[in-house]
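> Protein sequences appear in the order of chains A and B.
Read left to right, the first sequence gives residues 10 to 135 (the working numbering).
Read left to right, the second sequence gives residues 78 to 303 (the working numbering).
In case anyone wonders, no lab produced these hints; they're calculated from the structure.
Some clues are possibly wrong.
[As the list claims (entries may be wrong)] Derived BS3-like pairs: lysine-lysine, alpha-carbon spacing no greater than 30 Å straight-line:
no.: 1; chain 1: B; residue 1: K137; chain 2: A; residue 2: K31
no.: 2; chain 1: A; residue 1: K91; chain 2: A; residue 2: K77
no.: 3; chain 1: A; residue 1: K78; chain 2: A; residue 2: K91
no.: 4; chain 1: A; residue 1: K81; chain 2: A; residue 2: K61
no.: 5; chain 1: A; residue 1: K32; chain 2: A; residue 2: K91
no.: 6; chain 1: B; residue 1: K133; chain 2: A; residue 2: K25
no.: 7; chain 1: A; residue 1: K35; chain 2: B; residue 2: K133
no.: 8; chain 1: A; residue 1: K61; chain 2: A; residue 2: K35
no.: 9; chain 1: A; residue 1: K97; chain 2: A; residue 2: K81
no.: 10; chain 1: B; residue 1: K208; chain 2: A; residue 2: K32
no.: 11; chain 1: B; residue 1: K208; chain 2: A; residue 2: K97
no.: 12; chain 1: A; residue 1: K78; chain 2: A; residue 2: K25
no.: 13; chain 1: A; residue 1: K25; chain 2: B; residue 2: K208
no.: 14; chain 1: A; residue 1: K31; chain 2: A; residue 2: K43
no.: 15; chain 1: A; residue 1: K32; chain 2: B; residue 2: K133
no.: 16; chain 1: A; residue 1: K61; chain 2: A; residue 2: K91
no.: 17; chain 1: A; residue 1: K61; chain 2: A; residue 2: K78
no.: 18; chain 1: A; residue 1: K91; chain 2: A; residue 2: K35
no.: 19; chain 1: A; residue 1: K78; chain 2: A; residue 2: K43
no.: 20; chain 1: A; residue 1: K35; chain 2: A; residue 2: K77
no.: 21; chain 1: A; residue 1: K97; chain 2: A; residue 2: K43
no.: 22; chain 1: A; residue 1: K35; chain 2: A; residue 2: K97
no.: 23; chain 1: A; residue 1: K78; chain 2: A; residue 2: K97
no.: 24; chain 1: B; residue 1: K208; chain 2: B; residue 2: K185
no.: 25; chain 1: B; residue 1: K208; chain 2: A; residue 2: K31
no.: 26; chain 1: A; residue 1: K81; chain 2: A; residue 2: K35
no.: 27; chain 1: B; residue 1: K133; chain 2: A; residue 2: K31
All values reported here derive from a predicted model rather than from experimental measurement.
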Amino acid sequence: MVSDRPAPAIDQHRIKQLLAQKKQLKLFLSICAKCGLCAESCFYYRNHRDPKATPAYKAVHSLGRLFKKRGKVNRHELEQMKSLVFDKCALCRRCYCPFGIDVSSMIALARAICRSQGVYQRFDDK
Amino acid sequence: MIVAQIKPLPEIAEGLEPHGKTLIVGCGGCTSICLAGGQPEVDQLCLELEQLFKEKGLNKTFEGYVVERGCDPDFIQELDILAAEFEAFLCVGCGAGAQLIAEQFPEKPVYPGVNTQFLGVNREVGWYEEKCRSCGDCQLAYTGCICPVTRCAKSIFNGPCGGTQREGRCELDAETPCAWVDIFNRLKTQQRVENIERIRQPTAWQNQKQGQLVHEAYRDRYTKKD
Chain A
10 MVSDRPAPAI DQHRIKQLLA QKKQLKLFLS ICAKCGLCAE SCFYYRNHRD
60 PKATPAYKAV HSLGRLFKKR GKVNRHELEQ MKSLVFDKCA LCRRCYCPFG
110 IDVSSMIALA RAICRSQGVY QRFDDK
Chain B
78 MIVAQIKPLP EIAEGLEPHG KTLIVGCGGC TSICLAGGQP EVDQLCLELE
128 QLFKEKGLNK TFEGYVVERG CDPDFIQELD ILAAEFEAFL CVGCGAGAQL
178 IAEQFPEKPV YPGVNTQFLG VNREVGWYEE KCRSCGDCQL AYTGCICPVT
228 RCAKSIFNGP CGGTQREGRC ELDAETPCAW VDIFNRLKTQ QRVENIERIR
278 QPTAWQNQKQ GQLVHEAYRD RYTKKD
């Protein structure tokens, strides 16, 4: 049985550590030309036609924001990211980029950072 | 999805006792959904194991990390950065995930923290039911999409057997419906009974009963009360 402990304060040091471990992903963010070609390869976008579901949007507004703010984010921002990286992405790894950007790796790191701060999908009914 | 159940804590602790710092690896896929190996379970296991060893007078450290999918080598690679500081791994992903981690780190012992149970469906939160035995010879097309391998106690391809009881129950358990009666009724509704009139080659399945798992936390909810 899981406990009902209150959420701890954001550990920005841990976020910085995780970002540093995968700092090569920062390069992907600078390469992205915002061409939107990745959109049609995303089944979630194709089903919902929600511009916020395009792979580029999801990566830029999750991991991109984390890099830009050097990990200095609050819980509210992480909760906003949660809906992008958990609810709007299945990590099917089918997103296509003509520059070879690995979008799913970026989403996976954003998820790992969210998880490290206690922000994740719950599958029980709490 | 794959359904798993956390092993009893003493069994986990017995394996880990000889080791120092241990990394508990969760999975963001199936075992998260069945409440066995996601982030909350990993966090809880860290606390419980530390406490259990403390009571034995042993000071052991546990840390947790959840990979996106334990059955995908691309995601397992995330552990490369962490592995050096740990003596052993405890995997609360399915058996496939544990074996993949062991392949990735052959020099470190990997222990399973869950019992992988079956391929099943979510009936309700915390209530899972077996639907497929991954037999590799799917007969659903001819059986009205009811699996005789999983549902029938004898896993027979040409049923029902002589043990079918009144009201279409299995001879093993009066609560269990006979799979072949259900197959017949469904095919009759669809006017496809001829599907099961042709004899199919029998397979050498061991007698097995359909598996079902209700998560401990939800047992009260789904247990019949008089």
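> Give me the numbers of the hints this structure contradicts, sorted from smallest to largest.
6, 7, 10, 13, 15, 24, 25, 27
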